[in-house]
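Asker: Protein chains in written order, with UniProt numbering: chain A, 1 to 484; chain B, 1 to 480; chain C, 1 to 95.
In case anyone wonders, no lab produced these hints; they're calculated from the structure.
You may find that some hints are simply not true.
What the hints assert, rightly or not - Label-pair ranges, simulated between beta-carbon atoms:
| hint | chain 1 | residue 1 | chain 2 | residue 2 | range |
| --- | --- | --- | --- | --- | --- |
| 1 | B | 250 | A | 417 | 43 to 51 Å |
| 2 | A | 94 | B | 210 | 23 to 31 Å |
| 3 | C | 21 | B | 271 | 52 to 60 Å |
| 4 | B | 295 | A | 239 | 25 to 33 Å |
| 5 | C | 51 | B | 300 | 53 to 61 Å |
| 6 | A | 388 | C | 75 | 47 to 55 Å |
| 7 | C | 40 | A | 37 | 33 to 41 Å |
| 8 | C | 10 | A | 144 | 41 to 49 Å |
| 9 | B | 257 | C | 49 | 35 to 43 Å |
| 10 | C | 36 | A | 388 | 24 to 32 Å |
| 11 | C | 66 | A | 37 | 50 to 58 Å |
| 12 | A | 407 | B | 264 | 53 to 61 Å |
| 13 | C | 10 | B | 138 | 29 to 37 Å |
| 14 | A | 11 | B | 29 | 55 to 63 Å |
Unchecked claim - Taking lysine to any residue and the SDA-like style, the derived pairs with C-alpha atoms no more than 20 Å apart in a straight line are:
| hint | chain 1 | residue 1 | chain 2 | residue 2 |
| --- | --- | --- | --- | --- |
| 15 | B | 130 | C | 61 |
| 16 | C | 10 | B | 83 |
| 17 | B | 416 | B | 448 |
Quantities reported herein were computed from a predicted structural model and do not represent experimental measurements.
Every residue gets a Cβ at the ideal spot worked out from N, C-alpha and C, and that includes glycine.
What follows is the residue order along each chain.
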Amino acid sequence: MQNKSIAELAADLRLRKYSSTELTRHYLDRIARLDPRLNSFITVDAEAALAAAARADEALARDEGRPLTGIPIAHKDIFCTKGVRTSCASRMLDDFVAPYDATVVERLAAAGAVMLGKTNMDEFAMGSSNETSYYGPVANPWDTSRVPGGSSGGSAAAVAARLCAAATGTDTGGSIRQPAALCGITGIKPTYGRCSRWGMIAFASSLDQAGVMARSAADAAFLLDEMAGFDERDSTSAEVPVPDYVDALDNDISGLRIGLPKEFFGEGLDPRVGAAIEAAIREYEKLGAEIREISLPNSPLSVPVYYVVAPAECSSNLARFDGVRYGHRCADPADLEDLYTRSRAEGFGAEVQRRVMIGTYVLSAGYYDAYYLKAQKIRQLIADDFKRAFEEVDVIMGPTTPSTAFALGDKMDDPVAMYLNDIYTIATNLAGLPGMSIPVEPVEGMPVGLQLIGNYFDEARLLNIAHRYQHLTHWHQAAPAGFE
Amino acid sequence: MQWETVIGLEIHTQLATQSKIFSAAPTAFGAEPNTQACAIDLGLPGVLPVLNAEVVRLAVRFGTAIDAEIAPRSVFARKNYFYPDLPKGYQISQYELPIVGRGQVEIVLDDGTVKTIGVTRAHLEEDAGKSLHDDSLLGGGHTGVDLNRAGTPLLEIVSEPDMRSPEEAVAYARKIHQLVRYIGISDGNMQEGSFRVDANVSVRPLGSDTFGTRTEIKNVNSFRFLERAIAFEVERQIDLLEDGGRVIQETRLYDAANDETRSMRTKEEANDYRYFPDPDLLPVEIDAAFIERVTADLPELPDAKRARFRDDFGLSEYDANLLSSSRVLADYFEAVARASGEPKLAANWVSGELMAALNKAGLEIEASPVDAEGLAGLIARIKDGTISGKIAKQVFEAMWLGEGDADQVIEQKGLKQITDSGAIESMIDEIIAANPVQVEQYRAGKEKVFGFFVGQVMKASAGKANPQQVNAILKDKLRP
Amino acid sequence: MSLDRSDVEKIAHLARLAISPDQTERYAAELSNILDLVAQMDSVNTDDVEPMAHPLHMVQRLRPDQATEPDRRAEYQAGAPLTEGGLYLVPKVIE
């Protein structure tokens, strides 16, 4: 069952080959058995999952099922789930139970999906390796001595290890695409504003976006269909109609113009990864696509720009965690200052504290113009580069990451080296464009991701392009040893 | 050394909306702690702000009322600092691009001079909650936080440093207070905290064109205290400077009990608020059509109303000012004036008997037991001679107590004026006959005795004799 | 760009983070490295560029002025660290 696509599962459920309850139990068993090796889940709520599965079975029996009815999924522990802990992988929220559901959670539940639990992540979504979680690092199912990527490492590992049919993630600088690449799965970060941020704990508000991690573009399309769309509770939510992503999967892509940014193929890219990407591009040529070299000249500045904008916004977003109304509070505070400084120092891990401090610094008196304002200007230049490129091409492609998964502990002493993992993905967030990563031929047994970047609200085309590749190739169907 | 005082005021007024600026929680005053603080107001993880349309309309309304520029595009910014009553650790405010730009108001001082005071800008922001320093909480040592007020919409109105005396500052504050109530954007209740005034005060040598160091005075909750606080602070600064000291830029609180300003006990240097545009909100765009609609919707403003009362109704400057001081009062007066056709009489009655009765009963004009129509009816009976002005006061008292309208009371109590000359003549004849001594005195030249006779006639007629006729007939009959 | 101990202490105070003396040294080094990375921004001239506040050029939507949120105090305070009489409690603040 765990190797079936969502479409197959849905068909099987309707044919009564098995019930959602059985399917859910199956996943819960796998999680119990296999997750100790990965640590991809922070919270598993078997009782609620089985109750939801039972309700799904009833709906199916009444022939009132929708495509996702009864399909077991997981939510990144950054989405508020009413009655079930939402920790953001932080000691600060270790005991936090949200009194409401995030819109994304609401919509998937309304669509009949069954929530198995909340997946592990880098603390407050800050990281590229899922090593900063209060609940311990997550291991890559392809090689458990290596990282799964981050910040949505738990969701990526869980999907790759077939512990759930699909999972939600969030992407601020690459946090869906990079772990998807390192774990050999399909991840999509939609256009900024496509999915609601209501109930999605904020890291960098102008960059954060909810997305899907699944084993194929087809599977991802089912979830995105339900998640996407205007939400009046989010002022940054776009009032743009949602096309049928599933319907568009099989569109013909001949004549597709693919742009390859020369900046994504330069120094720093592992040549073996480069070769795998080039092989994937050749497959697209077979499908009738036309390849062009393009340039995104300001994209090399995306990492420095990101490490001004994201920390600045997060330093402000995380100010609410003060031990007063919810979350961690230090014991016996001597006075108000002590309450704040100690609760926050105890509640936040080192990477979070680093980013809060950088963010505080770049916004502080005398530095705003040189840092934050300057970064927002370069951001405009980066977006303009993409705009120009999309006048010539329909989609931009390149490697998702410069290398395959590195070893656990490898980059923990060097924050800047860690930051460079996102070098190809960040520009997309800065411009607000949609991006995907799909698995291509692995390198020495470790997954490699091909990144696809589309124009604003062009998710249907991205899923379509990805699907056509997955129709032609089978990398996305490989399972890590021990997790088949 | 001659000194000049420079004052600027920052006024925070709560906008009169049903719900908060960024959430749909209610804004009503006086609820149990934290029963009007929803997830957004509490700053729970994952919540987001959405802007209240009415807040924008009221802010623009204020801007048009002070002839200010309305920003076609304005931006919300985060003001970051930590305090228990600030749940998100930042206040959503406006910084570089406020919704209302430069405007002005006119103030009239006691000696009649008219002065224009500039308004630098007015911007929108959310209010913080309240901290309760109550030693009974959990056995002492704790402060309690109530976030009901958090998220209430505020309009912060910043004046130019154009005021040169405490008197001018109070006149300006009163003007703004009047204006926000006139145009219905705020109830301006200083006791409940919906109208808060902070004063920035500095002094400089007369003739200097640079500003001295200023201090900010907070916690002033009446116009009287505002005047006293500024006066004290000015003196303090002058004394300090004349003694060779320096004024420190700081925030001071006004202590009404001791009539002085005190430095706020704070360990912090000036807060670094790290303003940046709030990424959860988008720029607010306001087009010319919207501004036009809001402008068209503006009621007649106090200055225009005052001028109209003076010119069209022939009232004195003083009366025009008094009767236009609040919109409800002006509307009441105008209704009485139009219905009765006697603006001057209406002015006398409204500013006189009615206001006195309201004050005595502690009522606002909206709660007056005598409505405009009723008062107009009373005035009509004075005008047509049915009753005298003096009797009218009795009738008014009865109307106030709910005994009926003017006609009903006059009927019930038989208060119709006696205008029959014959009847008056007979009354006077009797009185003259009964008081030969006084007649003698009057005819001898003691003019004051006339009043005695008038009094007697009034007594005999139970006040109902027409005073003009009484005077005329008496004079005639008492002639030597 | 190099940050020293006192810079780090000031920032930590603004951010209300308690850091120990040995952490201060380490943060100074790490933050300085990050700022070196960020210094790459100086390589491009942005004099005539408008800063981007939002990826999409949307304007703020307005919501009707209706008070629809009910009182959910008990629920919201269920997980609160310290409350009494409906108030959130913090150590006494002196104004």
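Asker: Now, for every hint given, state plainly whether the structure supports it.
Answerer: Here is what the structure says about each hint:
1. B:250 with A:417: 43 to 51 Å: Since the Cβ atoms of residue 250 (chain B) and residue 417 (chain A) sit about 47 Å apart, the hinted range of 43 to 51 Å holds.
2. A:94 with B:210: 23 to 31 Å: At roughly 56 Å between Cβ atoms, residue 210 (chain B) and residue 94 (chain A) fall outside 23 to 31 Å, so the hint is violated.
3. C:21 with B:271: 52 to 60 Å: violated, 26 Å
4. B:295 with A:239: 25 to 33 Å: holds, 29 Å
5. C:51 with B:300: 53 to 61 Å: The hint (53 to 61 Å, Cβ to Cβ) is violated, given that residue 51 (chain C) and residue 300 (chain B) are roughly 43 Å apart.
6. A:388 with C:75: 47 to 55 Å: holds, 51 Å
7. C:40 with A:37: 33 to 41 Å: holds, 40 Å
8. C:10 with A:144: 41 to 49 Å: holds, 43 Å
9. B:257 with C:49: 35 to 43 Å: violated, 56 Å
10. C:36 with A:388: 24 to 32 Å: Hint holds: Cβ distance 30 Å, inside 24 to 32 Å.
11. C:66 with A:37: 50 to 58 Å: holds, 52 Å
12. A:407 with B:264: 53 to 61 Å: holds, 55 Å
13. C:10 with B:138: 29 to 37 Å: For residue 138 (chain B) against residue 10 (chain C), whose Cβ atoms are near 33 Å apart, the range 29 to 37 Å holds.
14. A:11 with B:29: 55 to 63 Å: For residue 11 (chain A) and residue 29 (chain B) the Cβ distance comes to about 60 Å; the hint holds.
15. B:130 with C:61: Violated: residue 130 (chain B) and residue 61 (chain C) sit about 29 Å apart, past 20 Å.
16. C:10 with B:83: holds, 18 Å
17. B:416 with B:448: Violated. Residue 416 (chain B) to residue 448 (chain B) sits at ~28 Å, over the 20 Å cutoff.
Hint compliance for this structure: hints 2, 3, 5, 9, 15 and 17 are broken, all remaining hints hold.
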